[in-house]
Amino acid sequence: MYNQTEIIKDTTNLGPEGELVVNMGPQHPATHGVLHLVVTLNGETIKKIEPHLGYIHRSIEKMCESLTYRQFIYVTSRMDYLSSHINNTACALLVEKGMQIEVPERAKVVRTILNELTRIASHELWIGAMAMDLGAFTPFFYAFREREMITDIMEETCGARLTMNYIVPGGLMYDIHPDFQTKVKAFVKQFKEKVTEYEDLVTGNVIFQSRTKGVGVLTAEDAISYGCSGPVARASGVSCDIRKIAPYDAYDRVEFDEIVETAGDSFARYIVRVKEMNQSIHIIEQLIDNIPEGDFVGKTKNVLKLAKGEFYQRVETARGELGVYIVSEGGTTPYRIKFRSPGFSNLSVLDHIAKGSKIGDLMATMGTLDLVIPDIDR
Amino acid sequence: MLSLESITKTTQDWLLAKFSPQIALTIECVIVILLAITLFAVLGLVLVLLERKVAARIQIRLGPNRVGPGGIFQTAADTLKLIMKEGLTPDTADKFLFNLAPFVVMMVAMLLLAPIAFAKNFQIWDINIGVLYISSISSLSVIGILMAGWASNNKYSLLGAMRSGAQIVSYELSAGFAVLTIVVLTGSLQISEIVASQENGWWLFKGHIPVVIAFVLYIIAVTAETNRAPFDLAEAESELTAGFHTEYSGMKFALFFLAEYINIFIVCTIGATLFLGGWMPLHIGHWEGFNHIMDFIPSSVWFMGKTFFLIFLIMWFRWTFPRLRVDQLLNLEWKYLLPISLFNLLLVTVIAIMGWHF
Amino acid sequence: MFLKDYISDVYNGVTSLLKGMRKTGYYFTHSKEIITEQYPDNRATLKLADRFKGEVVMPHDEQNEHTCTGCTACELACPNGTIKIITKFEMTPEGKKKKAIDSFIYRLEMCTLCNLCVAACPSDAIKMAPNFEHSVFDRSKLTKILNKPGSKIKEGVE
Amino acid sequence: MTNEEIKEYITAHAPEAIFDETGEWLNIAVESNHLKPLAAVLHGQPMQMDYLFCLTCVDYKTHLTMVYHLTSSTNRNINIVLKANVDRADPVIETVCDIWRTAEMLEREVFEMFGVEFLHHPDLRKLILEEDFKGYPLRKDFEDPINMIKL
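Residue numbers (the numbering used here), protein chains in the order written: chain A, 197 to 574; chain W, 262 to 619; chain G, 24 to 181; chain X, 242 to 392.
Since the hints were made in silico from the structure, they are not lab data. All C-beta atoms in this analysis are idealised placements derived from N, C-alpha and C, irrespective of residue type, glycine included. Treat the hints with caution; some may be incorrect.
As the list claims (entries may be wrong) - Chain A side only, calculated, beta carbon under 8 Å to chain W, not exhaustive:
no., residue
1, HIS224
2, ILE297
3, MET328
4, ASP329
5, LEU330
6, THR334
7, ARG341
8, ILE403
9, LYS554
10, GLY556
Modelling step: build the complete structure from the supplied sequences, incorporating the hints.
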């Protein structure tokens, strides 16, 4: 731990060549949480960015070592809280894979719909926060209006708005609400109407375009080398959608496009996410009328025990590839669990792509990387 | 008829009858100062509330609605809170400059009030170089901001102040050129004469397209000069936390905040005076009846209506657009606004010489 | 050509800005689009979803009877030790000893509202209630005893 | 490329590699000092394992095992798990961050959580924990009487 004098020294001293060293965060309006970036500046130009993590580290990996295979799922909602359903799905899929639990079709389809709704909600929040980083405050409220409909659907069916814990090994915790389908259809209808607003306010705006085009360019080679995934990598032309590579749940029976842009700049990342929302809507439309009847949860033993061995499950969250790696010794709790979080790898690229740009560009770059700090810190 | 003009006239006559001219002038000065301070206080309260309400409506919210009916006392409550807060001065700050800066900014805003004609024959100081006075004084506000940024001994403040310096210095140019177009057309720097020249129609209407362009340029330039979004780089919230006033709290912060709104008010009054005819009512050609009805509306209402329309426009900008980057901001000025305004000024000069305007 | 690009740049820029202003202007003039919920004022009409997980409650019927057998399935299912069940032995009229709950201690401040205890309960004795106004001035008030004083287990529940 | 071909190719370059196909993906265990050369071989043509998507460490109480999950960006269906045991008392292994850049941050995390020292790492400092934190939290024998609550 720092002592008091060291902190003062740290913040007032200049860098080795007389540069300005600015601590952005842990409390800063643009770092969305408690990310701490030590930014070395030459005037307005960024020379170096050094992330300091750990302000919200809860040691989820260690915690999970003492939780059973039913219990550890709820903790993962707190990792990337914006795609908690998808995190839960990853864990449930892993347990199902490890124990060969048969998941009913109904559960698979509902999970897919919920995952896509979560993805839309996450991107909606991102689009608002991103516009706010760039100084446009109003799109935030418009984006939240649509997101509110999703959280209402979640509240009605799963009983919570953010950390749902609706997905259990074998299927769902309880059946969907009778109004689920009508509500989702109403959402799809409203979303299609309102998505043009973002075009007017954000996408087409000349200021927004000039702020994001050519800013924070990430090449495909770097994206691969830095282990980027999700929209960040896809904007650089790297095809990496786990839903296509290793389909899980009902993704193998729906038709959707993997959005790949080639520019690799902030605007491309923005476009990828906006188009992804439309693809998610497309997936939901295919499934919402075809939810099969039947059980919502498969037969499972009361006490879940994973066989001795190692298991790895990948899913595509809103931010990228989430991997759950479990080493099991055959007991009721994981021996070692590792979450490969998409945000961690995406953050590591920040220094590389923001170097040499202006402070204003850092906000655009950081905004489009879509960092969720609990996901990075775990 | 009771008007601002008759009130001032009666007051002056009465004072001159009672006292010697020097004392009368002193008393008038005191009255003016008191009125100006009152106006500022009221304007601050009204404009902040207006801004919050406009923002709320645009953002599909209700806005402040708890303190008083419709939240009209919200800003008064906020002011009370700010007065009661401790005015912190950082340990390593340059204390004298740190405490001086908000007053410099505020003083500049107050000085700008002098030559503005609020109503028919209702003006503090009808100086014959009114427009020049305004453009010279308004460029001083950057000193206060630089002072605040430097004296805070905070890196964010320093960056914000430097941005602000670059920004105000460059946008002074196009604001000046936009003002010059009207000066060229009028042939006078005096505010009262500029207003008088618009008796048969506002310059915006009778000056053809070049004046419309000048008006647009003026609005953009003054938005930048008052550090308002989309040009609020000096206090870019998501980048520099609060820019040059990061370290300020309590009433010192409130002065900055107030000065921002007063500056908006001042530049909008100038815009209204130059382009929208000041206190002149709207007259359309030879529609005698219509013109007559328009004359019944008091001149002060006309003036305030025009000013608040411009203020609303600037608020509308703020809640719609993202912020520019610092180099793009300067690009916009030097590559777009300045060439356009130079060319525009040339065009207006030709129009003025040839007498093509109405 | 340079001049043409320049003018089209300016034109496109200005139209894109005006497009955005038209959108915000639309919302400014249409007050029916306002979505604010005036929370404490609309308490009477506020309707939460039935399934909303706000806190764990133990439903009691008119005879002050619940269905909790004290099997501690919920205690075992809870990931973070929120629930503590203290059992006692009661004498039934037939003179047999029967296990029953003395107190069902529920610590709301530790609860993550994951619903695992409700899912684990074999006799549906506890459920999630849609209450969300949990703020209190003293943290100890969040530790609740869910079974009402004097309550007993419903007949026939094993 | 089938598993057999991969095994053949790897055996040619690292004869002592031990293969394990019981899991979902092909596991390759090598000595810790042979890991770096093998990693370089895998990264190059024709395998082109250029996407390191998970790097972690497992504490088996007797030894630590570094686990590298690799895949190829051109063919995401080939996944390889690379493993190397390191000594628990003095865990030292060569860094792979000059092969995959993402390893730089991941190795820093492993460094502070397990105490594995990565040779030739450009910037091996603590990333998440405080500078003067004692102990390696994700090791099995880590005890923190204040902050760890045993249920």
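Against the structure, the hints come out as follows:
With its C-beta approaching chain W no nearer than about 6 Å, HIS224 (chain A) sits inside the 8 Å limit, and its interface hint holds. Annotation: ILE297 (chain A) was flagged as interfacial toward chain W, and the flag is violated, the nearest CB pair being 45 Å apart, outside 8 Å. Checking MET328 (chain A) against chain W: minimum C-beta separation of about 7 Å stays under 8 Å; hint holds. Because the smallest distance between the Cβ of ASP329 (chain A) and any Cβ of chain W comes to about 5 Å, under 8 Å, the interface hint for this residue holds.
The interface hint given for LEU330 (chain A) holds, since its Cβ lies 4 Å from the closest Cβ of chain W, which is under the 8 Å cut-off. This hint holds: THR334 (chain A) has a C-beta 5 Å from the nearest C-beta of chain W, less than the 8 Å allowed. Taken as an interface hint, ARG341 (chain A) checks out: its beta carbon lies about 7 Å from the nearest beta carbon of chain W, inside 8 Å. At about 5 Å, the closest approach between the beta carbon of ILE403 (chain A) and any beta carbon in chain W falls short of 8 Å, and the interface hint on this residue holds.
Annotation: interface hint on LYS554 (chain A) holds; nearest CB of chain W at approximately 6 Å, less than 8 Å. Checking GLY556 (chain A) against chain W by beta carbon gives a least distance of about 4 Å; that is within 8 Å, so the hint holds.
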